[in-house]
Amino acid sequence: MSAALFNLFLDAIWETLLMVGVSGLVTLALGGPLAVVLVTTAPGGVFEAKGFNRALGAVVNAFRSTPFIILLVALIPFTRLIVGTTIGIWAAIVPLSIAAIPFFARIAEVSFREVDRGLIEAAQAMGASRLQIIWNVLVPEALPGIVAGFTITLVSLISSSAMAGAVGAGGLGDLAIRYGYQRFETTVMVAVIVVLIAIVMAVQMTGDYFAYRLNKR
Amino acid sequence: MTNSAATSLPAGDAGEAARTAPAQRGGRVTFDDVGRTFETPDGQVCALREVGFTVEPGEIFGIIGRSGAGKSTLIRTVNGLERPTSGKVLVEDARGGVFDVGSLTVNELTLLRRDIGMIFQHFNLLSSKTVERNVGLPLRLAGASRADEARRVTELLALVGLSDKRGRYPRELSGGQKQRVGIARALARDPGILLCDEATSALDPETTLSILALLKDINRRLGLTIILITHEMEAIRQISDRVAVIEKGRIVEIGPVWKVFGDPQQPATRALLTPHANELPDDLAGRIAPLPSSDSAPVFDIIYTGAETGEPNLGAVFDVLGHDARLLHGTLDRIQGHAQGRLLVAAPAVPAHEATHVLALLKKLPPRAEIIGYVSGSL
Ligand SMILES: Nc1ncnc2c1ncn2[C@@H]1O[C@H](COP(=O)(O)OP(=O)(O)OP(=O)(O)O)[C@@H](O)[C@H]1O
Ligand SMILES: [Mg+2]
Chain A
1 MSAALFNLFL DAIWETLLMV GVSGLVTLAL GGPLAVVLVT TAPGGVFEAK GFNRALGAVV
61 NAFRSTPFII LLVALIPFTR LIVGTTIGIW AAIVPLSIAA IPFFARIAEV SFREVDRGLI
121 EAAQAMGASR LQIIWNVLVP EALPGIVAGF TITLVSLISS SAMAGAVGAG GLGDLAIRYG
181 YQRFETTVMV AVIVVLIAIV MAVQMTGDYF AYRLNKR
Chain B
1 MTNSAATSLP AGDAGEAART APAQRGGRVT FDDVGRTFET PDGQVCALRE VGFTVEPGEI
61 FGIIGRSGAG KSTLIRTVNG LERPTSGKVL VEDARGGVFD VGSLTVNELT LLRRDIGMIF
121 QHFNLLSSKT VERNVGLPLR LAGASRADEA RRVTELLALV GLSDKRGRYP RELSGGQKQR
181 VGIARALARD PGILLCDEAT SALDPETTLS ILALLKDINR RLGLTIILIT HEMEAIRQIS
241 DRVAVIEKGR IVEIGPVWKV FGDPQQPATR ALLTPHANEL PDDLAGRIAP LPSSDSAPVF
301 DIIYTGAETG EPNLGAVFDV LGHDARLLHG TLDRIQGHAQ GRLLVAAPAV PAHEATHVLA
361 LLKKLPPRAE IIGYVSGSL
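So the protein lines, in turn, are chains A and B. FYI, the numbering for the first sequence is 1 to 217, going by UniProt numbering. FYI, the numbering for the second sequence is 1 to 379, going by UniProt numbering.
Just so you know, the hints here were simulated from the structure itself, not pulled from any lab data. Heads up, a few of these hints could be off.
[Said to hold, decoys possible] Beta-carbon label-pair distances, calculated as ranges:
id : chain 1 : residue 1 : chain 2 : residue 2 : range
1  : B       : V106      : A       : Q204      : 41 to 47 Å
2  : A       : R64       : B       : A202      : 38 to 44 Å
3  : A       : F78       : B       : S67       : 54 to 60 Å
4  : A       : A55       : B       : T274      : 54 to 60 Å
5  : A       : P33       : B       : R270      : 54 to 60 Å
6  : A       : S129      : B       : G35       : 26 to 32 Å
7  : B       : G175      : A       : R130      : 26 to 32 Å
8  : B       : Q44       : A       : R130      : 24 to 30 Å
9  : B       : R66       : A       : Q204      : 47 to 53 Å
[To be verified] Cut-off 25 Å, straight-line C-alpha distance, at most; resulting in silico cross-link-like pairs (DSS-like, lysine-lysine):
id : chain 1 : residue 1 : chain 2 : residue 2
10 : B       : K165      : A       : K216
11 : B       : K248      : B       : K165
12 : B       : K88       : B       : K216
13 : B       : K129      : B       : K165
14 : A       : K216      : B       : K129
This one's a predicted model, so the numbers in the text were calculated from it and none came from an experiment. Cβ atoms here follow ideal geometry from the backbone N, Cα and C, with glycine treated the same way.
Could you build the full structure based on these sequences and the hints that come with them?
Spelled out as structure tokens, the structure:
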């Protein structure tokens with residue numbers, strides 16, 4: 001691998017980390033609250049609103065069932081509206097986040113739903129307001145599961161980011177396609193795969209560690 | 001405080017609840033013709049009907065009934081976890097404020113709930129928080145400062161005997177310790193009323209005793225009102241002042257524990273108290289015949305309900321039955337200072353034809369008595 005190629009490679013790693021990191025944060029910031037809304041408006045939830053919950057669930061499912069590659073293309077006008085361009089890593093972050101938010105929200109929703117109803121009742125009996133119940137009971141009790149779910153989300157973001165690379169977003173996927181596939185640079189292809197494996201493993205192990213440490217059950 | 005017009009509370013039937021403990025801060029709960037129906041896919045389920053009674057300040061009030069009788073539904077109307085579909089539940093705090101639970105706004109209900117602690121069968125502790133944080137949660141919810149919270153938690157943990165578990169997580173505690181944490185948490189804001197829904201049902205008998213002793217102690221020391229639901233008669237017998245029996249959503253019997261337990265009036269109560277009340281030990285049952293024979297002696301079943309004045313007078317019994325009377329079987333218990341139980345006595349000195357006459361004499365004593373048959377063979 002030439003020095004120039006090696007620099008490209010380092011850039012690609014950085015771009016991938018940036019894409020995944022930023023879309024991960026956006027996903028956490030929007031998907032987490034979305035999960036709270038999904039679970040608290042569900043039948044029996046503290047903010048029960050059946051119709052709203054069903055409509056929101058349908059929207060989430062619609063995004064969940066659209067293949068990422070199609071979402072990538074379909075969201076082009078929206079991406080341009082938000083970041084002003086449709087190429088580069090910042091443009092990729094938009095479809096990446098929009099695909100990951102409902103994915104993460106559904107996973108987090110399961111963790112929230114597994115919180116024992118008795119705990120919510122105990123909090124109600126203590127005179128907790130509904131927001132206090134969310135913040136003092138639902139979130140801390142569901143946290144280990146949410147951390148594990150967020151780890152899964154990050155890993156799936158890494159693989160989606162490689163796909164986004166294919167449409168000109170930069171990052172490791174882009175590099176692999178341009179050099180590894182189109183110019184038959186097998187070393188680049190192999191290096192990309194090795195680095196991706198390393199990143200995924202690092203993310204997974206960190207996530208597992210925190211999920212384990214947080215779990216007091 | 002909502003000082004609603006309902007200050008004239010129904011007097012209820014609490015007259016006999018002899019209380020010695022000072023009721024500085026106990027709340028009063030009045031159920032006024034409370035009904036609760038659930039709409040289910042298979043039609044209406046009537047969980048409570050026409051429930052009306054009053055729990056007095058400082059009292060330990062037991063509610064018993066078989067599974068599905070409506071106990072949980074009833075206790076949950078007190079802190080508004082369940083809303084009655086008819087009638088109302090009035091909670092009066094020690095300062096004389098009266099809340100009509102069903103008509104409170106969300107904010108008023110929150111205030112009321114801060115004056116009512118609740119403990120649960122499955123403890124319902126937050127697994128993600130330490131003992132300290134669990135106990136302090138009600139304080140934090142009410143906006144107490146960290147320092148106040150820490151101070152109060154120290155007191156509470158000392159009260160329930162868990163000072164050394166402060167930094168532990170619930171999973172590191174035994175069932176009894178978890179329930180102590182639950183009790184400490186329920187007491188955090190000095191409630192006037194403590195609701196216990198099957199608080200000891202998940203515990204072994206020994207731990208149950210220690211938890212009951214703790215509840216009694218708290219009741220004595222702090223004077224707070226305790227409403228206790230259980231299907232364990234022993235728990236009620238141990239610590240309650242009065243008891244209500246609920247059957248299919250209706251209160252079928254209510255009174256001081258010694259009275260209800262010593263002389264149950266309703267079949268439902270009898271079924272709960274002594275599922276085997278009319279069963280004799282097998283060997284004895286086999287020897288007792290319904291009719292007298294040449295060498296048989298009548299068997300008298302003598303019942304002490306606890307209503308008699310003084311202790312059971314055995315001398316008087318033997319004066320009537322003759323001094324070679326034999327005790328076949330017997331139980332005697334003291335509840336709230338009343339001796340109650342049942343003696344099975346065979347009286348060879350009483351000839352069969354005089355048995356009814358002797359029975360009449362016996363009944364003047366005043367044990368309640370009957371002849372349950374005749375035992376033959378050597379005594
Ligand atoms: N949310 C509900 N929806 C429908 N029916 C209910 C509901 N809650 C209680 N019930 C019904 O009301 C009746 C009384 O229930 P409740 O839980 O008060 O009984 P319980 O006396 O506490 O029984 P257990 O000793 O088993 O706890 C039961 O028939 C139950 O099926
Ligand atoms: Mg129950």
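Evaluation of the provided hints:
A C-beta distance of roughly 44 Å is found between B:V106 and A:Q204, which places it inside the suggested range of 41 to 47 Å. Remark: the range hint 38 to 44 Å for A:R64 to B:A202 is upheld by a beta-carbon distance near 40 Å. The hinted range of 54 to 60 Å is satisfied by A:F78 and B:S67, whose Cβ atoms lie roughly 57 Å apart. For A:A55 and B:T274, the hinted distance range of 54 to 60 Å is satisfied, since their beta carbons lie about 57 Å from each other.
For A:P33 paired with B:R270, a C-beta distance near 57 Å keeps the hint of 54 to 60 Å intact. The hint said 26 to 32 Å for the Cβ distance between A:S129 and B:G35, and at roughly 29 Å that hint holds. At about 30 Å, the beta-carbon gap between B:G175 and A:R130 stays in the expected band of 26 to 32 Å. For B:Q44 paired with A:R130, a C-beta distance near 29 Å keeps the hint of 24 to 30 Å intact.
One distance hint, 47 to 53 Å for the beta-carbon pair B:R66 and A:Q204, holds here, with the actual separation near 52 Å. Annotation: proposed proximity of B:K165 to A:K216 holds, straight-line Cα distance about 15 Å (limit 25 Å). Between the alpha carbons of B:K248 and B:K165 the distance comes to roughly 42 Å, so the proposed pair goes past 25 Å and is violated. In summary, the hint linking B:K88 to B:K216 is not supported, as the alpha carbons are separated by about 29 Å, beyond the 25 Å threshold.
Between B:K129 and B:K165 the CA atoms are separated by roughly 12 Å; this keeps the pair inside 25 Å, and the hint holds. Proximity of A:K216 to B:K129 is assessed by CA-CA distance (about 8 Å); at most 25 Å being required, the pair is judged to hold.
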